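Peer 1: The listed protein sequences derive, respectively, from chains H and D. Using my numbering, read the first sequence as starting at 1 and increasing by one per residue. Using my numbering, read the second sequence as starting at 1 and increasing by one per residue.
Simulated from the structure, these hints should not be mistaken for laboratory data. Treat the hints with caution; some may be incorrect.
Which residues of chain H face chain D? A partial, calculated answer using Cβ under 10 Å [as the list claims (entries may be wrong)]: (1) Asn-53; (2) Asp-54; (3) Phe-55; (4) Gly-107.
Straight-line distance between alpha carbons at most 30 Å, and here's what the computed DSBU-like set of lysine-lysine pairs gives [stated by the list, open to error]: (5) H:Lys-57 - D:Lys-59; (6) H:Lys-57 - D:Lys-37; (7) D:Lys-37 - H:Lys-71.
For clarity, every value in this text was computed on a predicted model and none was experimentally measured. Beta carbons are placed, not taken as given, at the ideal position from N, Cα and C, and that holds for glycine.
Residue-level listing of the chains:
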Amino acid sequence: DGGITQSPKYLFRKEGQNVTLSCEQNLNHDAMYWYRQDPGQGLRLIYYSQIVNDFQKGDIAEGYSVSREKKESFPLTVTSAQKNPTAFYLCASSNPRGGGYQPQHFGDGTRLSIL
Amino acid sequence: QQPVQSPQAVILREGEDAVINCSSSKALYSVHWYRQKHGEAPVFLMILLKGGEQKGHEKISASFNEKKQQSSLYLTASQLSYSGTYFCGTFSSGSARQLTFGSGTQLTVLP
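Bound conformation, chain D alone (with noise of 0.2 Å):
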């Protein structure tokens, strides 16, 4: 079953933080992050793992709540280059190693 990301879509001005959350249903063994510009390849940002950990790269986070099932996508101190539309990706019990993908957010970062 897809997870359910929220918000949908989200504006922003230059600076500001956003963050993007996405909850699972199902037993989650990993959460993958990836942002896909218009027209092009999803990009790879990071993967959780059980355990809750949280992650970092620059200015995006993100964490893993095993117990609730859900991870947050945290963007601090929004530039430009953000824009573009943020999906996740999760494994999960029975998922025969598929990933499945949540429709996404689309995130604006305006100047």
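Bound-form chain H, shown alone (with noise of 0.2 Å):
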């Protein structure tokens, strides 16, 4: 079955210290996202890619970086400038062609906490 994967499930940052999330994707789409989401609040964009070796600015890059080496792939790494990097990460997918019309396909996202 075609999906999307994140891992891990939870993760656990120390002050100063850089963590990646990962998010594979099967689905052969172009476009990924990554948002981040506080407890009570909406999806926030942090950085999307349309297309292999390129990628945008969301609303709340700071403290983020992100790689699309390869279509598969869309991993994200929360650095230490990120001061309150406690939050739910969710990875999405979709076919970009048909612009705002087709659906992003969402991965069970990772939890992250500091300790």
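Got two chains here, separate frames each, mind docking them using the hints?
Peer 2: This is how it looks when you write it as structure tokens:
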């Protein structure tokens, strides 16, 4: 079955540490997205990528970095510059050929906490 | 700019109906609706396009009023499985292909 796999499900970060969240999809989608969700709030866009080797900042990119070396993979690094990283992180993908007319498919998320 | 959802929360008895609204200050190209269970990933429900179309899936339907820049989600004869948080996501002019989500409406269906 096609889908999006995020790992790990739970992650703990120490002060001053960078951590990387994995996102892999086998839906053959061109576009991939990273969202942050805080308790009781909606989804805020961190970064998105429409094509391999290209990505754009979303609304809250500060303290985060991404890469898109393969179509299937879009890892997110939470750097030490992100002072409040505790949140639920969701990765999504879609076929952008239809612009805003295609649904986004989400992974099961990674819950990041500070030690 | 984030679309505004209302109400923020609603509690129903099984079999009752509910309406969730989503409004934007920008001209909209499309509106997406998703449902998220606690601690899980959002699940796609439907997309509505410009043209005021109405779509439905079983007892959940939605409308899109392009002129008013609003969409409404209708849940008819609610089931226990409808409980969760409902998000609208909008694509608007100048959104650069980004989906902007509302803050969500928490729906609780009681037996």
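Peer 1: Does the nearest C-beta of chain D fall within a distance shorter than 10 Å of the C-beta of Asn-53 (chain H)?
Peer 2: Hint violated; Asn-53 (chain H) Cβ to chain D Cβ min 17 Å, cut 10 Å.
Peer 1: Taking the closest Cβ pair, is Phe-55 (chain H) under 10 Å from chain D?
Peer 2: 12 Å, violated
Peer 1: Hey, Lys-57 (chain H) versus Lys-59 (chain D), does the alpha-carbon distance stay inside 30 Å?
Peer 2: Status violated; Cα separation ~38 Å.
Peer 1: Please verify that hint: Gly-107 (chain H), Cβ, nearest Cβ of chain D, below 10 Å or not.
Peer 2: 6 Å, holds
Peer 1: Within a Cα-Cα threshold of 30 Å, do Lys-37 (chain D) and Lys-71 (chain H) meet the stated pairing?
Peer 2: 29 Å, holds
Peer 1: Less than 10 Å between beta-carbons is the criterion; does Asp-54 (chain H) satisfy it with respect to chain D?
Peer 2: Hint on Asp-54 (chain H): violated, closest Cβ of chain D at ~12 Å, above 10 Å.
Peer 1: Would the pair Lys-57 (chain H) and Lys-37 (chain D) pass a check requiring their Cα atoms to be no farther apart than 30 Å?
Peer 2: It holds: about 28 Å lies between the C-alpha atoms, which stays within 30 Å.
Of the hints listed earlier, those the structure fails to meet are numbers 1, 2, 3, 5, in rising order.
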